[in-house]
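J.: Put chain P on the given structure of chain U with help from the hints.
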Amino acid sequence: MRALIRLVSGLYAIAIYGFIFLPVVVLILFSLQATSFPIPPFTGPSLRWYEAVLADTRLTSALVNSLLVAVLSSAVAVTLGFLSAWGFARFALPGSGLMRGLITLPLTVSYLIIGMGLLVLFNWAGVPKSLLAAGIGHVVINLPLCFAIVYSQMGDHQINIERAARDLGAPEWKVLLLITVPVMAPAIFAGFFLSMTFSWDEFVISFLLTRFDTTLPVEIWNLLRSGLNPKTNAVGSLVFAVSIVLVVLFELMLLRRKPA
Amino acid sequence: MTAPLVDISSVSHRFGQHTVLKNVSLTIEPGSYTILLGPSGSGKTTLLSILGGFVMPSEGKVLIRGEDCTAVPPAKRPTTTVFQDYALFPHMSVGSNVGFGLRMQGVNGATRAARAREALALVGLATAFDKKPHQLSGGQRQRVALARALVVEPAVLLLDEPLGALDLKLRRQMQDELKAIQKRVGTAFIHVTHDQEEAMALADHCVVMNDGRIEDEGPPERVYARPATRFSATFMGESTLISGTVTEAKSGKITVTTKLGSLSLAGTLPAGSTVALAVRPEHLVLGAASGPVALGMAKVSDVVFQGSFKRVLGTSTTDPALHFIAKVPSASAVQPGDVVAVSCDAGDVILLAD
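The listed protein sequences derive, respectively, from chains U and P. Going by my numbering, the first sequence wraps up at 286, each residue one higher than the last. Going by my numbering, the second sequence wraps up at 403, each residue one higher than the last.
To spell it out: a stretch of chain U is covered by chain P in this simulated footprint if at least three of its residues, at any positions, have a beta carbon under 8 Å from a beta carbon of chain P; those stretches are: (1) 190 to 200; (2) 205 to 216.
One side of the interface only, derived from the structure: several residues of chain U facing chain P at Cβ under 8 Å: (3) H183; (4) N186; (5) I187.
Derived from the structure by calculation, the hints contain no laboratory data. Here the structure is a predicted model, which means the values were calculated and not measured. By construction, the Cβ of each residue, glycine as well, lies at the ideal position given by its N, Cα and C atoms.
Bound-form chain U, shown alone (with noise of 0.2 Å):
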């Protein structure tokens, strides 16, 4: 009977996993082809579409505007993200509760109306779109998120930390720097690195707030648009990679055990 449950339970993982990652395993598989199409038969292994990414002048300068995208916009979304946790957590102010929902609703807002919105607002503020309104749209998005990250992480203990550093003759943006930054440091990375994964998938806002240059999504949805070939999936490859590398400095930055 044990044993039977153990099998059916055992089978029931392999189920869930493989639903989760056999279209990724797929997609890598056949950005391994040989030939001009990602189906099968598997005729690799060859390294030539990911050469012909890398030729792609589009696509190339498509991934390094979307790493500038990622990394700045995080910088933005962490940098205010954490000021207003610190706001919230060492400050009775008016109506503290409705302004903290407020400020993490964005979260529960789908990204097409908030690009929507943005884009509403931007023509009628005169912002052409471009990168920089690709990158403010990402703020939206990922503030909520940091503000989150940051605020869980902010304990009571830390209060008496900051008030001893004042009550030693710091100036208040000494203890923020020099003490509550270097405290927080590992939730503001993992804001910072969330922010970034987040950031350097996204495309409904990329793809409404960009003209010219363009995201690396958005780059990928061009591309697809001339139908399969193993290329895209290459390209897919690539940006799961980098996720996969942001998601696992997140893990390490918040759930790393630290010596007590």
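T.: Just chain P now, kept in the frame of chain U:
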């Protein structure tokens, strides 16, 4: 007469509707070791926070070295605090922790390191300079916190239940060291605690607080021997409390009538006032070799062996609501269930106005 180092005048504080300090005035002399003693909720920690600048009092003034510091932020006050949880900076080495205050004053790196080493040597941790706080034990962290607060040479050092997180043995040991360090540096220490033994061992000046007020203050010997109020008699050590009424008063002598009989004592209270008489456990005499003031018979309910003495709890046979607490030598043969005569010396009876 020189001005006191710290002058707290008529300070009151409210948290919302709740008044935690009620018109408290206190002066601190230079070089003194002051203990604020009281139960939780007595306002002692709030008073310390007001001194440190972390809380602005609702009313009243705080003068330090003659300057009005009531609204001066902690960074600009000549006070430093040793926090109960030590509040060391976890990402900095012990040396950087201790040097932090000097760094904020713009002292250069070499001088800073030298003075941090001196301060660490003072607290007996010279070897910990390069360690991180998490590598130290609780007692060691406590010393680092002390060194960090002392190195900037504050006018007043504030200690918020500094020994509260340590085990008993370490606490007694740190207590002796605190006193020795204070004598060596000569800085005025103000120390908050709810441990009366700590208070008696450390204080030059003991301030007993209850319900937002100062109940009693003075040298600990005086506060113990002659407590000013019923609360301070019970909080600072144990007592047997006997209530009574003054029935006669003339020329510095009063007669107090209690359920145990009449007692003649030195005092000036008017006839008719209700009083409480307190007797310290070590002053109660059990058995035949009775003292001059007889306190009737007591039925012993419990005898607790405490090493160098036995603690005896008993109930008066004439008034079952009256509980005796006595200390007798360990060799004493008193047993639970015994009925013994209780007496004391008139000079050991503490008269407390009710």
